[in-house]
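J.: Start from the sequences, fold in the hints, and give me the full structure.
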Amino acid sequence: MEKDDKIFIAGPRGLVGSAIVRNLTQKGYTNLLTPSHAELELLDIHSVAAWFEKNKPDYVFLASAKVGGILANSTYPADFIFQNLVIQTNIIHQSHIHKVKKLLFLGSSCIYPKNCPQPMKEEYLMTGPLEPTNSPYAVAKIAGIEMCWSYNRQYRTKFIPVMPTNLYGPNDNFDLETSHVMPALIRKFYEAKINNKKTVTVWGTGTPRREFLHVDDLADACVFVMENAFLEEYYKNKPLLNIGTGKDISIKALAGLIRSIIGFKGDILFDKSKPDGTPIKLLDVSKINQLNWFATTSLEDGIKDILPAVEKYF
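Quick note: the sequence shown uses the numbering used here, first residue 584, plus one each step.
Here are the computed distance ranges between Cβ atoms for each label pair:
{"hint": "1", "residue 1": "D850", "residue 2": "E883", "range": "16 to 24 Å"}
{"hint": "2", "residue 1": "K780", "residue 2": "T672", "range": "40 to 48 Å"}
{"hint": "3", "residue 1": "S881", "residue 2": "R739", "range": "38 to 46 Å"}
{"hint": "4", "residue 1": "T658", "residue 2": "T788", "range": "19 to 27 Å"}
{"hint": "5", "residue 1": "M709", "residue 2": "K895", "range": "34 to 42 Å"}
When the alpha-carbon atoms are kept at most 30 Å apart in a straight line, the in silico DSBU-like pairs for lysine-lysine are as follows:
{"hint": "6", "residue 1": "K639", "residue 2": "K821"}
{"hint": "7", "residue 1": "K637", "residue 2": "K610"}
{"hint": "8", "residue 1": "K780", "residue 2": "K835"}
{"hint": "9", "residue 1": "K835", "residue 2": "K704"}
{"hint": "10", "residue 1": "K895", "residue 2": "K649"}
Keep in mind that the hints were calculated from the coordinates and are not lab data. Beta carbons: idealized from backbone N, C-alpha and C, even for Gly.
T.: If you want it as structure tokens, here you go:
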């Protein structure tokens, strides 16, 4: 990418999109396209087509998606599959129509089978049943991956899907009804501390293991993928790159770490009547590591980094 190329970030105000905007700005890119919802309705094919015709982006980061944790996925399964399918279909197709040079599609580690061998390699995709609690979202993301591959094969486009692990960061969603596990736990412990509560209740048994990636690391990886020409080999077949730290932690240990960082003195209770989700989710990141990209933010530093964001709720 050249510094003055037109770069469209879909979802520029979300957790991932805002991090990509920050990274591109820091690296000197000057022509970022970050339309508001009023300017571009991604669920409307006519709005998307008209916007592409007018703006003609050179590069696209497809970071817009409907996302959420177990509760949100279980409550709104139709919204998760419909909205994600429509958003990615509109953007991928218009990127082809308007000859975008490269598109990066952001998927999710939940695309891999529920009982996938660990750590999860890219080639394990579609080798077993999905986790039921988020299968509508996973199916939509798998469709986006296949769509990128299909357009590459038929039209010689350069659309590459990347699969990030569980993300967190300063622009996260701390709504307990719709958030992922990391921001939900941070909010719970912070709220318990300022309200002098004696306990914090965590969903499930605490035994599942999860990998967490700071969103600024993800953004750096995404820009890295788009900048480097040596990735051409991935476009020839079925490109797919996991992005993560290669390290995981149990939910119980994570809760303990957050309690320690926030300074909550009470006890942690586990509600075993609530679902655990996939037992283990750890990505094999050897492929992107071999390309000389590595995550650099420690979990402890990352948690400390987003504490100011949750303080705004109180």
